[in-house]
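There are 6 protein chains.
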Amino acid sequence: MATVKLLTDDELAPAAAAVFADIRATRGTDYINNFWRALAHDPVLLARTWASLKQVMGAGHLEPKVKEMVYLAVSIAHGCDYCIHSHTAAARAKGLSEPELMELMAIVGMAAETNRLVAGLGVPVDEVFKR
Amino acid sequence: MATVKLLTDDELAPAAAAVFADIRATRGTDYINNFWRALAHDPVLLARTWASLKQVMGAGHLEPKVKEMVYLAVSIAHGCDYCIHSHTAAARAKGLSEPELMELMAIVGMAAETNRLVAGLGVPVDEVFKR
Amino acid sequence: MATVKLLTDDELAPAAAAVFADIRATRGTDYINNFWRALAHDPVLLARTWASLKQVMGAGHLEPKVKEMVYLAVSIAHGCDYCIHSHTAAARAKGLSEPELMELMAIVGMAAETNRLVAGLGVPVDEVFKR
Amino acid sequence: MATVKLLTDDELAPAAAAVFADIRATRGTDYINNFWRALAHDPVLLARTWASLKQVMGAGHLEPKVKEMVYLAVSIAHGCDYCIHSHTAAARAKGLSEPELMELMAIVGMAAETNRLVAGLGVPVDEVFKR
Amino acid sequence: MATVKLLTDDELAPAAAAVFADIRATRGTDYINNFWRALAHDPVLLARTWASLKQVMGAGHLEPKVKEMVYLAVSIAHGCDYCIHSHTAAARAKGLSEPELMELMAIVGMAAETNRLVAGLGVPVDEVFKR
Amino acid sequence: MATVKLLTDDELAPAAAAVFADIRATRGTDYINNFWRALAHDPVLLARTWASLKQVMGAGHLEPKVKEMVYLAVSIAHGCDYCIHSHTAAARAKGLSEPELMELMAIVGMAAETNRLVAGLGVPVDEVFKR
Chain A
515 MATVKLLTDD ELAPAAAAVF ADIRATRGTD YINNFWRALA HDPVLLARTW ASLKQVMGAG
575 HLEPKVKEMV YLAVSIAHGC DYCIHSHTAA ARAKGLSEPE LMELMAIVGM AAETNRLVAG
635 LGVPVDEVFK R
Chain B
515 MATVKLLTDD ELAPAAAAVF ADIRATRGTD YINNFWRALA HDPVLLARTW ASLKQVMGAG
575 HLEPKVKEMV YLAVSIAHGC DYCIHSHTAA ARAKGLSEPE LMELMAIVGM AAETNRLVAG
635 LGVPVDEVFK R
Chain C
515 MATVKLLTDD ELAPAAAAVF ADIRATRGTD YINNFWRALA HDPVLLARTW ASLKQVMGAG
575 HLEPKVKEMV YLAVSIAHGC DYCIHSHTAA ARAKGLSEPE LMELMAIVGM AAETNRLVAG
635 LGVPVDEVFK R
Chain D
515 MATVKLLTDD ELAPAAAAVF ADIRATRGTD YINNFWRALA HDPVLLARTW ASLKQVMGAG
575 HLEPKVKEMV YLAVSIAHGC DYCIHSHTAA ARAKGLSEPE LMELMAIVGM AAETNRLVAG
635 LGVPVDEVFK R
Chain E
515 MATVKLLTDD ELAPAAAAVF ADIRATRGTD YINNFWRALA HDPVLLARTW ASLKQVMGAG
575 HLEPKVKEMV YLAVSIAHGC DYCIHSHTAA ARAKGLSEPE LMELMAIVGM AAETNRLVAG
635 LGVPVDEVFK R
Chain F
515 MATVKLLTDD ELAPAAAAVF ADIRATRGTD YINNFWRALA HDPVLLARTW ASLKQVMGAG
575 HLEPKVKEMV YLAVSIAHGC DYCIHSHTAA ARAKGLSEPE LMELMAIVGM AAETNRLVAG
635 LGVPVDEVFK R
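Chains as they are written, first to last, in my numbering: chain A, 515 to 645; chain B, 515 to 645; chain C, 515 to 645; chain D, 515 to 645; chain E, 515 to 645; chain F, 515 to 645.
Read the hints as simulated data drawn from the structure, not as lab findings. Treat the hints with care, as some may be off.
All copies of an identical chain are treated as equivalent in the list; a pair is satisfied when it fits inside any one copy or across any two copies.
Straight-line distance between alpha carbons at most 30 Å, and here's what the computed DSS-like set of lysine-lysine pairs gives [claimed, not checked]:
no., residue 1, residue 2
1, LYS568, LYS579
2, LYS568, LYS644
3, LYS568, LYS519
4, LYS644, LYS608
5, LYS519, LYS644
6, LYS568, LYS608
7, LYS579, LYS608
Let the sequences and hints guide you as you build the complete structure.
Okay, structure coming up:
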């Protein structure tokens, strides 16, 4: 029940089709997931989001698996069901094992608990944590 | 401006003092940060939270540095300033470099952006992401 | 799968029926959406919420379309799927075009990204922004 | 560092002054807290918010202390520091003891933890929970 | 559409089976809800979460019904649909009436509204609210 | 109390200095706000964020003032104090009047209230809202 139509390949503007082609080439698969088919209504937004994602999740200082774990943790905190499903799949594809996934869950839960305890008690930042 | 008094060592119930002793022994430092001094009003909550944290953040499948990154990512998503400061410090202490910290920021920001795009467009979960 | 029954017209207390009548008269349609059918269990809450909504979203300083955009932006940030669907429909009914909708998405996503970067880096408010 | 001036009694429009008078009469104190001094820029918003608050937090089915606990729990989940401080004070004024406050913290933390575990694991609602 | 398989009784590790047995004994029912069947992939996380929940939601200073109300309020603020369904059911089982449930909704909504007004206006904490 | 040093002009890498020069040229002011001074630790992140912001907030289908209102609404929902201050200032600079600002607050508050009521009651999306 998207609020916009998920565009098929036949319905794409040329600029959006070019992004889809790059997604396919980069990922080595013909499959384009729903997120991009919704974004395709705005080729500029589509192109910018894909370019940013390629850069941010591409080669850098952190391992691909770790990057996906961070992405997943944020998506859980924001309660984004789609993102949780897609990035759990991506993390598994990059080597995340089931025990590691469950350990990530435990950390996310623990962080959520202490985040709220800290807020509720109004705990001030220790001087030693200030830079 | 905590909503409860941050307890000094002299003000602790014996059960809370025992937890503080274990925090000191485990961390190898005499310093007890404000979070625990606020929680100490409820020795049962203090003991349970510390025991959970030791277990969750202790030896497991993921590296300590990666665990802190996940914790930090959640804390940023929840906007917990105290937790951001304390876990940025903890992550650095466990080896997170400045370029890695900035890369984590980029991922957290990117995840936040796409989480909201997905919500706004009501993107349905692809069948391929379902288990 | 509401947690309360969605009340039919036959099941309304008189005070709730009066609110439904005003919703119908104000909107010029017989259709009452599910939100009001859930709220109708508490006629006082129903009446207050409807009165507030009429006032807040009624004639004022901002255009109706802009008001719906602000409402939609908040609903996306809160991840309220029902609200996103109903206020996207309302915004379209008040003249929001598809390119404008996609531009709103881009802004919401960008704001989410920078909101989290700011939190993660603990950026202090500039003096020039203080009033 | 409010984004609007906190209005003094001398700066109020007559409609705002009338609300302040009712707040003082209802609460039996001359003190008006900062929230109302910020809202006073918009006497209609001020009047509506105060009228809603009086109704919602006034006599009803739940005890005043319990109402404040629910208000506080939401404020913690939203990370609203001002609201946490003001409603912790209000809850104490209505009889919340320190052990009860700490118990509330434990529940809020536990809920936050399981909320995120549920989201992360994508747990579907059990049929038995559907009405 | 959980991101992990919901484990049946036949698929449990012994440590997980022991927790399920305790859940059944404590609750006096054979039914195990989906949350525990997802957590069961990690018996340590399962055991810790169940032990914490038993302690936090068990006998203490606050009534069981009030505890469920606080849990529910947090779950609503976090938008956790599963948790809203399960804790609304739990609150009803512990005596929450429909009028009380609707009153809780009104408080949660009111808190959400004022939480955001406070944030938007940047209202500083009054000295009288500081401890 | 940023978690990274706010870089002065003298401390910038050349790629970051180039971005600062473009911010100054685009905005017609020498002042660089703290957000950019924190991001400057990662010139690639800085450059991408600035380029995205210029594109998203630049000429398009919506008025600059409306764009800032949407940005501000999201920032309030996320509780980002820095962003609330900077985008309230930006909105005022683009013509937002005080009565418009207060009207925006009323809408944000109302949306927050109904978002949570919808979540709490589990209201299902009406067929008429589906596209």
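To see whether the hints hold, each was checked on the structure:
1. For the homomeric pair LYS568 and LYS579, the shortest alpha-carbon distances inside one copy (15 Å) and between copies (24 Å) are both at most 30 Å.
2. Within a single copy, LYS568 and LYS644 get their C-alpha atoms only as close as 33 Å, which misses the 30 Å cut-off; across copies the closest is 24 Å, which meets it.
3. With identical chains, the CA atoms of LYS568 and LYS519 are at most 30 Å apart both within one copy (25 Å) and between copies (28 Å).
4. Only between protomers do LYS644 and LYS608 lie at most 30 Å apart by alpha-carbon distance; the minimum there is 17 Å, versus 35 Å within a single protomer.
5. Taking the shortest Cα distances, LYS519 and LYS644 sit within 30 Å of each other only across copies (10 Å), while inside one copy they are farther apart (48 Å).
6. Taking the shortest alpha-carbon separations for LYS568 and LYS608, both the intra-copy value of 15 Å and the inter-copy value of 28 Å come in at or below 30 Å.
7. Taking the shortest alpha-carbon separations for LYS579 and LYS608, both the intra-copy value of 5 Å and the inter-copy value of 19 Å come in at or below 30 Å.
Comparing the model with each earlier hint shows no violations; every hint is respected.
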